[in-house]
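Asks: From just these sequences and the hints, can you work out the full model?
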Amino acid sequence: MEVSAAQLIKGLEELFPECQGTDISVETLLGEMPEWDSMAAVNFQTFLLQQFEMEVPLELLADETSLQEVIAYIENPESALAS
Amino acid sequence: MENKSDPFDIADALSDVNTAWMKDDEAFRRCCHTLNESLQSTHAKVLKHLQSFPEDIRDDGESTIVQWVGKMAWSSQQYHRAWSEWIAAYVDHAPDLPKSSRRRARFWINQIQNMLEPANYFWTNPKAVQRFFQSRGESLSQGLRNWMDDASTRKGLVSLCDESSFTLGQDLAATAGSVIFRNELMELIQYAPQTEKVRQIPIVLVQPWINKYYIFDLSRHNSFVAYLVRQGFTVFITSWKNPGPDLRHITFADYMFKGALRAAQVAREVCNVPSVHLAGYCIGGTLITTLMGWLAQEKTDIPISDVTLFSTLVDFSEPGDIGVLLPPDIIEAVEEQTADTGILEKHQIAATFRMLNPRDLIWRYAVNNYFFGEKPPRSDMLYWNSDGTNLPQAMCNFYLNAFYKANRIVHPGGLIIGGRSIDLGMVRTPFYIVGAAKDHICPWKSAFKTCRLMGGKVRFILADEGHITGIVNPPSKWSKKKYWAAAATRRRNADKWLEKQVTSKGSWWPDWIHWLEPKSGPKVLPPRAGTPTLPPLCPAPGTYVLE
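Chains A and B supply the protein sequences, listed in that same order.
What the first sequence shows, in the numbering used here, is residues 1 to 83, in sequence order.
What the second sequence shows, in the numbering used here, is residues 1 to 547, in sequence order.
No wet-lab data here; the hints were simulated from the structure.
Remember, predicted model here, so these are calculated numbers, not experimental data.
The reader is advised that the hints may include incorrect statements.
Unchecked claim - So the derived label-pair ranges between C-beta atoms look like this:
#1 A/Asp23 x B/Ile416: 57 to 67 Å
#2 B/Gly61 x A/Ala5: 27 to 37 Å
#3 A/Glu32 x B/Gly419: 52 to 62 Å
#4 B/Ile416 x A/Glu27: 55 to 65 Å
#5 A/Ala5 x B/Lys519: 42 to 52 Å
#6 B/Glu196 x A/Asp23: 49 to 59 Å
#7 B/Glu335 x A/Glu32: 43 to 53 Å
#8 A/Asp23 x B/Lys258: 52 to 62 Å
#9 A/Thr22 x B/Asn36: 18 to 28 Å
#10 A/Glu27 x B/Arg29: 31 to 41 Å
#11 A/Asp23 x B/Lys457: 47 to 57 Å
Claimed, not checked - Mimicking DMTMM-like on lysine to aspartate or glutamate, the simulated pairs with C-alpha atoms at most 20 Å apart in a straight line are:
#12 B/Lys45 x A/Glu18
#13 B/Lys477 x A/Glu78
#14 B/Lys438 x A/Glu32
#15 B/Lys477 x A/Glu75
#16 B/Lys523 x B/Glu196
#17 B/Lys45 x A/Asp23
#18 B/Lys482 x A/Glu64
#19 B/Lys505 x A/Asp63
#20 B/Lys505 x A/Glu64
#21 B/Lys375 x A/Glu55
#22 B/Lys375 x A/Glu14
#23 B/Lys482 x A/Asp63
#24 B/Lys477 x A/Glu55
#25 B/Lys71 x A/Glu14
#26 B/Lys438 x A/Glu64
#27 B/Lys438 x A/Asp63
#28 B/Lys71 x A/Glu18
#29 B/Lys71 x A/Glu13
#30 B/Lys505 x A/Glu78
#31 B/Lys505 x A/Asp37
#32 B/Lys438 x A/Glu35
#33 B/Lys477 x A/Glu64
What the hints assert, rightly or not - According to the in silico footprint, chain A covers these stretches of chain B (three or more CB under 8 Å from chain A):
#34 350-360
#35 374-381
#36 479-490
Ideal Cβ placement from N, Cα and C applies to all residues, glycine included.
Replies: Structure representation (structure tokens):
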């Protein structure tokens with residue numbers, strides 16, 4: 001599945017409105033998002049499931065995971081291992 | 001009860017902050033200047049953003065309105081952020097403010113900030129307006145139906161999860177096993193083996209009774225019990241009765257003796273071993289630590305070889321944000337209410353816990369369900385989070401008073417239960433204690449305080465996640481999680497302990513297995529489910545979990 005970074009970031013800004021006006025890019029780490037915590041990770045996981053029909057493991061959605069790594073997982077889970 | 005108009009002391013908390021600033025005029029002036037600068041900078045940013053404002057909104061219809069709402073939302077968000085950052089600093093830097101006052105003020109300011117988030121209001125949420133136009137009003141109409149459903153069936157708590165998407169025993173709590181023991185308080189589940197041989201000493205998991213037991217047996221990929229069974233352990237778990245008013249008399253001691261101790265005795269009998277590994281999560285951990293204090297005075301027949309605590313408070317001196325929600329007036333109000341009802345209702349408990357994370361457990365779903373008219377998503381963790389239980393009057397009042405209010409157990413002899421005064425220093429059993437770095441319910445530094453209370457060896461693990469995700473933390477080739485683990489016997493200072501630790505990557509679960517292994521005896525043929533005198537009663541997940 002090909003994932004548009006813009007689509008992911010737009011969805012993120014809707015899910016986390018407090019991100020509006022901050023600079024989010026594919027290099028952004030999840031832990032850099034305002035008020036990111038473990039429940040935010042659960043909500044992000046459900047968002048990804050709804051948006052991309054892909055259950056991203058919660059273990060991947062940690063502070064030091066970048067959006068690029070999330071995209072890589074959705075596009076090809078095995079490729080995310082190398083990143 | 002005094003001051004009933006403000007039982008949470010919110011006004012006092014905020015007043016304390018203002019009073020603190022009044023003591024230092026110069027610092028207060030600088031603080032106000034910072035706000036002024038921040039607002040000026042925000043004005044400039046907003047004006048620049050609005051320069052691309054559509055000149056004529058009359059001709060362009062719905063899309064222009066959505067665009068207009070988007071700009072208003074963006075602008076509102078900038079002001080909200082500026083104010084939020086400033087007021088957080090106003091509380092955090094108030095001079096000479098006692099720690100407890102600062103925590104209370106920060107907590108309530110956070111509630112207000114979350115409530116005033118622009119996206120929580122229709123006309124400053126462009127997606128809500130867009131959905132309204134696209135659906136010709138159906139989104140709000142459905143949202144109203146969702147709200148009425150929550151009001152009538154969930155006592156006003158917003159639904160977090162599509163409850164039709166899971167069936168207990170099929171999608172969740174589905175690891176094969178049998179209920180082998182049942183009393184008025186507990187069903188004990190024994191899981192079926194998945195290896196040819198098992199370690200001789202079984203693991204008995206004592207679960208919290210504020211939610212259902214299956215947080216340790218969620219979906220196949222993250223089931224803690226399934227992991228332990230695959231590692232060659234015989235695993236037992238407590239599934240507690242969801243009490244009604246008829247069980248108002250059940251005490252904390254009942255949970256100890258008819259619950260945790262009975263579970264250990266049954267497991268010992270089934271596996272034909274002298275003792276078991278006993279592990280407790282959250283209040284389940286508090287329970288088994290108290291039980292160990294009680295057993296420490298037993299001359300013989302202690303059925304527990306070692307103890308593991310997951311996200312557990314034993315020393316309640318700094319209970320985190322939940323302490324803000326339990327001032328003496330509220331504890332008194334709970335006592336009055338449960339005297340009438342016999343129970344503390346699950347909806348009240350759920351509302352309390354949701355206030356610890358209002359953004360992720362209240363407002364996000366209020367917007368999704370009521371403004372967008374959507375169903376909440378499918379999530380195993382949120383399904384479990386929504387599946388609460390009541391607390392019986394006697395146990396609830398004892399727990400709030402003895403632990404949260406008086407913190408009796410930290411003082412040798414301070415807590416008397418089951419006819420014995422508890423001195424945790426007498427407990428020589430080894431402990432394995434897991435705290436979670438972002439735990440709002442059981443702050444890890446408070447969990448760490450257990451290390452100095454216990455008389456035996458302690459190994460402490462700090463996981464880098466929250467109360468649930470720090471514990472339900474399966475090994476995975478994609479895991480980006482980390483943890484710190486080392487001996488912490490009698491250690492007092494959590495920060496100093498952490499400074500010396502090396503970061504480990506992945507899940508801490510293998511570390512626990514490594515710790516248990518040498519205490520687990522030889523590998524033997526798996527025991528049968530139950531015993532001739534305790535035959536299996538029904539398949540897991542049993543009946544109490546469905547109540």
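Asks: The structure should be examined with respect to each hint, and the outcome stated for every one.
Replies: The hints, checked one at a time:
1. A/Asp23 x B/Ile416: 57 to 67 Å: With Cβ atoms ~58 Å apart, the hint holds.
2. B/Gly61 x A/Ala5: 27 to 37 Å: 31 Å, holds
3. A/Glu32 x B/Gly419: 52 to 62 Å: 54 Å, holds
4. B/Ile416 x A/Glu27: 55 to 65 Å: 58 Å, holds
5. A/Ala5 x B/Lys519: 42 to 52 Å: For B/Lys519 against A/Ala5, whose Cβ atoms are near 49 Å apart, the range 42 to 52 Å holds.
6. B/Glu196 x A/Asp23: 49 to 59 Å: The hinted range 49 to 59 Å holds for B/Glu196 and A/Asp23, with Cβ atoms some 56 Å apart.
7. B/Glu335 x A/Glu32: 43 to 53 Å: 45 Å, holds
8. A/Asp23 x B/Lys258: 52 to 62 Å: About 57 Å separates the Cβ atoms of A/Asp23 and B/Lys258, which means 52 to 62 Å holds.
9. A/Thr22 x B/Asn36: 18 to 28 Å: 22 Å, holds
10. A/Glu27 x B/Arg29: 31 to 41 Å: 40 Å, holds
11. A/Asp23 x B/Lys457: 47 to 57 Å: 49 Å, holds
12. B/Lys45 x A/Glu18: 16 Å, holds
13. B/Lys477 x A/Glu78: Cα-Cα ~10 Å, so holds.
14. B/Lys438 x A/Glu32: At roughly 15 Å apart (the allowed maximum being 20 Å), A/Glu32 and B/Lys438 satisfy the hint.
15. B/Lys477 x A/Glu75: This hinted pair holds, its Cα atoms lying about 17 Å apart.
16. B/Lys523 x B/Glu196: Distance of about 9 Å is within 20 Å: holds.
17. B/Lys45 x A/Asp23: Within the cut-off at roughly 14 Å; holds.
18. B/Lys482 x A/Glu64: 10 Å, holds
19. B/Lys505 x A/Asp63: 13 Å, holds
20. B/Lys505 x A/Glu64: Holds. B/Lys505 to A/Glu64 sits at ~12 Å (cutoff 20 Å).
21. B/Lys375 x A/Glu55: With a Cα-Cα distance of about 18 Å, the restraint between B/Lys375 and A/Glu55 holds, given a limit of 20 Å.
22. B/Lys375 x A/Glu14: Cα-Cα ~16 Å, so holds.
23. B/Lys482 x A/Asp63: Holds, at roughly 10 Å.
24. B/Lys477 x A/Glu55: 15 Å, holds
25. B/Lys71 x A/Glu14: With a Cα-Cα distance of about 14 Å, the restraint between B/Lys71 and A/Glu14 holds, given a limit of 20 Å.
26. B/Lys438 x A/Glu64: Satisfied, since the Cα-Cα distance of roughly 15 Å is no more than 20 Å.
27. B/Lys438 x A/Asp63: 11 Å, holds
28. B/Lys71 x A/Glu18: 14 Å, holds
29. B/Lys71 x A/Glu13: Given pair B/Lys71, A/Glu13 holds - Cα atoms ~14 Å apart, limit 20 Å.
30. B/Lys505 x A/Glu78: 19 Å, holds
31. B/Lys505 x A/Asp37: Holds, at about 18 Å.
32. B/Lys438 x A/Glu35: 11 Å, holds
33. B/Lys477 x A/Glu64: Satisfied, since the Cα-Cα distance of roughly 15 Å is no more than 20 Å.
34. 350-360: With 3 residues closer than 8 Å to chain A, the stretch 350-360 of chain B meets the three-residue bar; holds.
35. 374-381: With 4 residues closer than 8 Å to chain A, the stretch 374-381 of chain B meets the three-residue bar; holds.
36. 479-490: holds (count 4)
The structure fails none of the hints (numbered hints given earlier).
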